[in-house]
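In the order they appear, the protein sequences are chains A and B.
Take the first sequence: its position 16, counting from 1, is numbered 15 in numbering that gives the first Met the number 0, and each next residue is one higher.
Take the second sequence: its position 29, counting from 1, is numbered 28 in numbering that gives the first Met the number 0, and each next residue is one higher.
Note that these hints are calculated values from the structure, not bench results.
Be careful, since some hints might not be right.
Now the in silico label distances, taken between C-beta atoms and shown as ranges [unchecked claim]: (1) A:36 <-> B:39: 39 to 45 Å; (2) A:8 <-> B:49: 21 to 27 Å; (3) B:12 <-> A:80: 20 to 26 Å; (4) B:82 <-> A:35: 28 to 34 Å; (5) A:80 <-> B:51: 38 to 44 Å; (6) B:72 <-> A:44: 45 to 51 Å; (7) B:71 <-> A:36: 31 to 37 Å.
Per the computed footprint, the stretches of chain A lying under chain B, defined by three or more beta-carbons under 8 Å from a beta-carbon of chain B, are [claimed, not checked]: (8) 8-17; (9) 28-41; (10) 85-98.
Where a beta carbon is used, it is the ideal one built from N, C-alpha and C, also for glycine.
Protein chains: 2
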Amino acid sequence: MSNRLNAEIAPSVEERALVFKAIGDPTRVRIIELLRAQSLEITGTEIAENVGVSLALLCHHSSVLVEAGLVTKRKEGQTSYWMLNRDALAAALGSLAEPGSSAH
Amino acid sequence: MSNRLNAEIAPSVEERALVFKAIGDPTRVRIIELLRAQSLEITGTEIAENVGVSLALLCHHSSVLVEAGLVTKRKEGQTSYWMLNRDALAAALGSLAEPGSSAH
DNA sequence: CAAGTACTTTGATAACTGTAAAACTACTTG
DNA sequence: CAAGTAGTTTTACAGTTATCAAAGTACTTG
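Could you build all of it, start to finish, from the sequences and the hints given here?
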């Protein structure tokens, strides 16, 4: 299967737009932030509870995030574990970030 | 006065989602990158030529970017000068960036 | 095996989006 | 003032999206 964004190659404009579009929804910003705060994996049910959406709706957002290459899921039994693809996120964010970005 | 994102206050989830949504289109990624590369202002016609869209279409994308607080425009005579709101961009990008983000 | 759990998919719908084309405003130049 | 320029708005439309509700799948537990 063809790989998704893997931080080794610079993502194209279209790929980056897809990533930003995927983050461009309040529910998905919450999902990303929740995943970002995890050091270990987290299950779909836990995410749905934390974010406050139904599992069905979470599953829809899941597909958007997976398509954009931001999230990977691993299924074990009937529970699915979500992982944030930190490299893909950093690649997109970094492509538009200022050289010295945390200045204040 | 400052009704838009101004990097002093942490943008809400909704505000940041709006910014990411605004960047979530290939044409607008190109516009942002073009603006990012400018040290001075750039006119609408120049942007349209560089990005390869009509002025009418550019104007549509303009409204999305202005609504999100990413772009400011100043009109002088019949030409409008665009400026990137670097603080708003950095605030959104930074809110999801990893602590040590430029590692490789 | 029946019931429950954890998703996943499908269908429906209302709202939104990107694009093109055309009309419009307002400034500038001859 | 007529023509051209720069930008804006409007109209139209096909395609997409977020959400809900309901049905489906597959694993687990009693």
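Hints and how they fare:
no. : hint                      : result
1   : A:36 <-> B:39: 39 to 45 Å : holds (40 Å)
2   : A:8 <-> B:49: 21 to 27 Å  : holds (24 Å)
3   : B:12 <-> A:80: 20 to 26 Å : holds (24 Å)
4   : B:82 <-> A:35: 28 to 34 Å : holds (31 Å)
5   : A:80 <-> B:51: 38 to 44 Å : holds (43 Å)
6   : B:72 <-> A:44: 45 to 51 Å : holds (46 Å)
7   : B:71 <-> A:36: 31 to 37 Å : holds (33 Å)
8   : 8-17                      : holds (count 5)
9   : 28-41                     : holds (count 5)
10  : 85-98                     : holds (count 8)
Comparing the model with each numbered hint stated earlier shows that all of them hold.
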